[in-house]
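Participant: Sequence:
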Amino acid sequence: MEGAINHLATVIESIAVTNCIAIHLDMADMRGYQYHTGIIFACYSGGTLQPIAKGGRYDNIGSVFGLALPATGFSLDLRSALDLLKDVQLNVKETVFAPLVSDKSLQDAIADLKSKGFRVIKSYDLNSLQAGDKKLVLESGQWSVQTA
Numbered sequence: 043m044e045g046a047i048n049h050l051a052t053v054i055e056s057i058a059v060t061n062c063i064a065i066h067l068d069m070a071d072m073r074g075y076q077y078h079t080g081i082i083f084a085c086y087s088g089g090t091l092q093p094i095a096k097g098g099r100y101d102n103i104g105s106v107f108g109l110a111l112p113a114t115g116f117s118l119d120l121r122s123a124l125d126l127l128k129d130v131q132l133n134v135k136e137t138v139f140a141p142l143v144s145d146k147s148l149q150d151a152i153a154d155l156k157s158k159g160f161r162v163i164k165s166y167d168l169n170s171l172q173a174g175d176k177k178l179v180l181e182s183g184q185w186s187v188q189t190a
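So the sequence shown is numbered by this note's numbering: it starts at 43 and just counts up by one.
Simulated crosslink set (BS3-like; lysine-lysine; CA at most 25 angstroms straight-line): (1) Lys-164 x Lys-96; (2) Lys-146 x Lys-158; (3) Lys-146 x Lys-156.
Cβ-Cβ distance ranges computed for the label pairs, FRET-style: (4) Gly-104 x Gln-131: 39 to 49 angstroms; (5) Ser-56 x Ala-113: 15 to 25 angstroms; (6) Val-179 x Thr-60: 13 to 23 angstroms; (7) Gly-45 x Leu-124: 32 to 42 angstroms; (8) Ala-84 x Ala-153: 16 to 26 angstroms.
Worth flagging that the hints you see were computed from the coordinates, not collected in a lab.
We treat Cβ as the ideally placed atom computed from N, Cα and C, and that holds for glycine.
Please work from the sequences and hints to get the whole structure.
Facilitator: In structure tokens form, the structure reads like this:
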């Protein structure tokens, strides 16, 4: 049990560093306990009573086909998601790509760019950007925007 709690704490810390969502835990949620093998989640927005997305770990689901492999999955309620976005006004100056790492100073740099109207997209591979794309780069302990 202690290992599971420590794992949950690590996941929460990784999410909390983004400063963009509120995290609430329901340790009694038994939804899908028959096939989930780890953390499950549900995403709510704007005081909605029904989740707009939900999912979790399903490591044993492949055993039905003879091979249990690590797996995650989620479902998204498109109607609910689109309803939430219908009144959103986008005023994006430019897109900046950021590495997908858990770093407090990077999250602060991303928040600063977003507050100035930039769209920031986290990417696994900043090496595949096209010439002229902007990216966040760490140099001498500071994050700065550079052109790819």
